[in-house]
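**Student:** Residues per chain, in single letters:
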Amino acid sequence: MRPSPRRHVMRGTMVLVFAACASAPLFLSNYPLFVLSLAIVNTIAVLGVNLVMGHAGQISLGQAGFSAIGAYATALLVVNLDVSYWLAVPLGALLAAVSGYILGLPALRLGPLYVSMVTFGFGLIVVIIVQNWYELANGPNGMVVPSPVFFGRELFPREFHVAIVAVAAVLFLLARNIVDSKHGRAFIAIRESELAARGMGVNLAHYKTTAFALGAFAAGISGGLFAGLAQFVNPDAFVFPVSILYVTMGILGGINTLVGAAIGGAMLTALPELLRGAAEYKDFLTGFLLLLLLIFLPNGIVGFIRERFVPPPAKVDSSDGPRVVAHTVLPTTLQRRGRWENNALLKVENLGVSFGGLRALQNVSLALGSDEILSVIGPNGAGKTTLFNLISGLNRPDTGRIVLDGADITGTSAHSRARLGIARTFQNLDLFGEMSVLDNVRVGAHTRLRSSLLQAALRTGSERAEEARYRDVAMDLLQFVGLGPYANQKASSLAFGHQRLLEIARALASAPKLLLLDEPAAGLNSSELDFLMELIRRIREEFGISVLLIGHTMRLVMALSNRVIVLDHGVQLAEGPPAEIQKNPRVIEAYLGADDA
Amino acid sequence: MELLSQVLISGITLGSLYALVGLGFVVIYRATKVVNFAQGEMMMLGAMLALYFYSDLQFPYFLAFMLAVVLSGVFGAGLERFAYRPLLNAPVVTLILATVAVGQMIRAGVRILRGSEVSRFPSILSADPFLIGGVAVTPLSLSIIAIAILLVCVFMLFFRKTKLGKGMEATSENREAALLVGISVNQTFSLVWATSSGLAAAAGVLLAPLIIITPEMGSIGIKGFIGAILGGFNNIPGAIAGCFLLGIIENLGGVYIASSMKDVISFVVLVLVLTVKPQGIFGAAEGKRA
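From first to last, the protein sequence lines are chains A and B.
The opening residue of the first sequence carries number 1 in the numbering used here; numbering runs sequentially from there.
The opening residue of the second sequence carries number 598 in the numbering used here; numbering runs sequentially from there.
FYI, nobody ran anything at the bench for these hints, they're computed from the structure.
Heads up, a few of these hints could be off.
[As the list claims (entries may be wrong)] Computed Cβ-Cβ distance ranges for the label pairs, DEER-style:
{"id": "1", "chain 1": "B", "residue 1": "776", "chain 2": "A", "residue 2": "136", "range": "53 to 61 Å"}
{"id": "2", "chain 1": "A", "residue 1": "305", "chain 2": "B", "residue 2": "773", "range": "14 to 22 Å"}
{"id": "3", "chain 1": "B", "residue 1": "760", "chain 2": "A", "residue 2": "408", "range": "51 to 59 Å"}
{"id": "4", "chain 1": "B", "residue 1": "777", "chain 2": "A", "residue 2": "379", "range": "20 to 28 Å"}
{"id": "5", "chain 1": "B", "residue 1": "770", "chain 2": "A", "residue 2": "552", "range": "58 to 66 Å"}
{"id": "6", "chain 1": "A", "residue 1": "412", "chain 2": "B", "residue 2": "747", "range": "51 to 59 Å"}
[Unchecked claim] Restricting the straight-line Cα-Cα distance to at most 20 Å, the calculated cross-link-like pairs of lysine to aspartate or glutamate (EDC-like) are:
{"id": "7", "chain 1": "A", "residue 1": "282", "chain 2": "B", "residue 2": "714"}
{"id": "8", "chain 1": "B", "residue 1": "630", "chain 2": "A", "residue 2": "408"}
{"id": "9", "chain 1": "B", "residue 1": "763", "chain 2": "B", "residue 2": "813"}
{"id": "10", "chain 1": "A", "residue 1": "282", "chain 2": "B", "residue 2": "813"}
{"id": "11", "chain 1": "A", "residue 1": "347", "chain 2": "A", "residue 2": "273"}
{"id": "12", "chain 1": "B", "residue 1": "760", "chain 2": "B", "residue 2": "770"}
{"id": "13", "chain 1": "B", "residue 1": "758", "chain 2": "B", "residue 2": "770"}
Only a predicted model underlies this, so the values are computations on that prediction, with no experimental measurement involved.
C-beta: ideal position from N, C-alpha, C; glycine also.
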């Protein structure tokens with residue numbers, strides 16, 4: 001990744017801030033230093049909130065519960081089993097991460113309603129358990145934790161502060177690496193549109209549970225450090241208002257940025273200390289602040305600064321509009337992973353599905369050869385998009401089979417179909433609006449990037465090389481569809497026609513065998529349509545990708561298709577070359593109504 | 598056997614209160630797709646207001662009850678206007694957080710105004726048990742069950758039969774379409790929040806004699822929500838049945854496992870049910886199109 005000047009400034013500032021924090025014991029007296037230590041410990045927990053809520057878009061109201069697990073596990077290991085503090089903290093954090101992973105499981109199938117409930121309940125349960133755990137954890141009275149020992153010597157709080165800063169710095173670095181990787185983009189893709197993310201091959205189950213595990217890990221570390229800092233843990237430190245406080249800190253700073261965690265964490269730790277109010281006043285103000293932020297400043301301080309003071313990214317190039325670019329890299333970067341063996345790439349047999357009594361599709365069969373363009377047409381409600389949803393795996397058929405390149409894929413999930421070589425666009429445009437145009441395409445290549453979460457977190461050489469390679473592929477694809485100049489802009493800021501093209505580039509990034517285009521021409525003007533037709537032709541001819549296309553625009557369908565299939569009320573009406581279909585009386589009747597009516 | 602029937606009675610008593618609160622949750626959820634995390638606090642507020650009118654100002658019980666319910670309803674409508682309406686087009690997660698914030702403000706606000714001291718609601722009806730078929734019941738719990746069931750029935754009729762109730766249903770199905778047929782969405786939402794807050798307050802007043810009253814008592818309110826999820830959110834009778842079931846499960850668990858683990862048990866049951874049957878025990882699966 002080539003850092004821009006702005007990145008350099010950010011990086012420099014972060015280094016300065018960490019250096020200042022680390023050297024604070026030199027010039028701060030005990031109490032302000034303790035507040036600073038506490039702020040950093042809180043910031044680490046908020047970092048977790050920002051990953052789960054800000055990036056992956058999953059609500060979590062039990063962050064303090066994970067901190068409690070980290071803190072109590074550390075305390076129990078150190079006190080009862082004589083484990084070294086420096087081993088106990090990561091062990092506690094791992095335990096928290098495992099709990100987060102398990103807690104994330106219900107989130108797979110359930111909406112924010114249930115996830116908020118389950119995480120809330122979890123936080124509550126953890127506190128109830130430690131409150132009633134007299135034998136080991138001393139119930140509501142809490143446990144005393146000995147001061148951490150470093151190479152045989154007990155650390156003073158002033159020395160321990162430096163350790164806290166070091167841990168925070170490492171965690172921020174790891175988090176930034178993850179956020180900047182394939183995995184971080186998958187998180188944001190899920191937040192922006194689960195449907196499109198699935199279509200791009202993002203395994204929702206994996207990424208949601210991973211997000212919860214990462215968030216819980218950060219909270220667990222924060223809890224372990226808190227135990228070392230306060231040298232005392234009790235249930236009151238992890239009650240529900242603490243979870244709310246973490247969320248408020250995250251939103252105050254800017255929930256979808258990592259820097260926001262530090263800003264929010266520092267401000268909301270320091271402010272109440274300055275005010276010195278009673279707990280109920282603090283709680284009231286936290287609640288009030290959270291409400292105000294949600295209404296007036298949902299993107300927090302960082303978001304506010306970005307909107308007000310940072311100019312939107314400029315176009316890379318001055319030339320306007322889509323244009324065909326000469327390219328050299330594309331055919332090789334889009335080379336398929338092995339050619340298919342069968343002449344029929346896709347075979348659909350007797351496909352049928354009903355939605356609550358409505359038979360959306362009945363007995364539809366089709367075969368698509370390699371390098372072929374097959375169009376599906378039909379009046380509104382004919383079942384065209386339903387057919388696409390079945391082929392791309394977003395819905396399950398009640399009857400029939402789908403065979404891709406000789407393999408039955410009827411039962412496979414949407415994300416694995418993307419991996420097998422099916423890519424699609426969406427009729428109603430389903431881009432990741434808050435991501436950059438370039439990153440949208442990079443999510444499209446999700447299944448082709450192989451680096452693990454650990455490799456991404458450590459930013460290993462191979463991971464960096466892979467990121468760079470696919471960044472170039474994405475850039476090439478943008479050039480190919482004529483969106484090169486817009487690479488750094490927000491996807492939602494693109495004009496409508498450009499958004500359609502971006503969907504195509506994003507789908508191509510997975511190097512598919514089969515491209516499903518759902519009404520790619522809807523809403524385009526005539527010059528945009530010409531460009532699109534040229535593009536589709538080149539996709540077939542130069543990349544050898546077969547295209548299945550839903551079309552309302554007859555000019556496009558008739559000019560490009562090798563064959564056309566007509567659907568009406570979920571039933572296959574006709575199939576044949578375009579010229580034949582145009583004359584078929586049954587097709588004309590379906591579109592225009594019977595003559596004798 | 599006697600212990601079991603005793604546990605069942607107290608479970609049903611608790612369940613009827615959960616049903617009142619749960620109904621409020623369902624009403625808000627169906628109209629706005631939001632979980633109201635402040636629902637338990639509205640319940641606490643109802644109990645506090647009733648205590649204030651009845652004990653401090655010496656109003657008659659019935660008047661204190663009505664005042665608590667009506668004032669809570671008005672407060673709920675005010676919350677809708679100033680806290681939730683500005684967020685109408687925000688993501689659901691944002692709205693959920695807003696209710697969390699409001700709940701915390703109510704809780705802390707009551708602590709500021711009243712202190713954290715524990716109060717007891719003077720008993721209206723005798724808590725002396727009498728025997729029905731060998732099982733001891735108190736007039737208090739019987740009247741609570743009766744009033745709660747009555748209220749639940751009244752509100753179900755309201756949703757099913759009146760124009761206003763149907764308007765709420767229509768708004769929840771499709772906001773724009775409701776607007777097009779002349780339903781005022783803002784008015785409907787005010788009404789939804791007012792109704793649901795009133796229901797919560799009623800539950801709070803009824804619950805008050807059974808437990809000690811503290812600013813933290815709202816955490817019981819969340820049980821109504823769990824019960825509703827257990828039963829199934831998209832089916833009001835199912836949700837209410839779920840609330841009764843939860844009351845019974847909790848009491849059984851409290852007696853046969855450990856009373857301090859009541860809350861843990863209810864959440865474990867919730868997670869189990871959600872994992873096995875996400876639409877709830879009595880809920881029908883919704884046909885879903887991607």
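**Student:** Hint by hint, note whether the structure agrees.
**Tutor:** A quick look at each hint next to the structure:
no.: 1; hint: B:776 <-> A:136: 53 to 61 Å; result: holds (58 Å)
no.: 2; hint: A:305 <-> B:773: 14 to 22 Å; result: violated (35 Å)
no.: 3; hint: B:760 <-> A:408: 51 to 59 Å; result: holds (53 Å)
no.: 4; hint: B:777 <-> A:379: 20 to 28 Å; result: holds (25 Å)
no.: 5; hint: B:770 <-> A:552: 58 to 66 Å; result: violated (28 Å)
no.: 6; hint: A:412 <-> B:747: 51 to 59 Å; result: holds (53 Å)
no.: 7; hint: A:282 <-> B:714; result: holds (18 Å)
no.: 8; hint: B:630 <-> A:408; result: violated (39 Å)
no.: 9; hint: B:763 <-> B:813; result: violated (35 Å)
no.: 10; hint: A:282 <-> B:813; result: holds (16 Å)
no.: 11; hint: A:347 <-> A:273; result: violated (67 Å)
no.: 12; hint: B:760 <-> B:770; result: holds (15 Å)
no.: 13; hint: B:758 <-> B:770; result: holds (17 Å)
Of the numbered hints listed earlier, those contradicted by the structure are 2, 5, 8, 9, 11.
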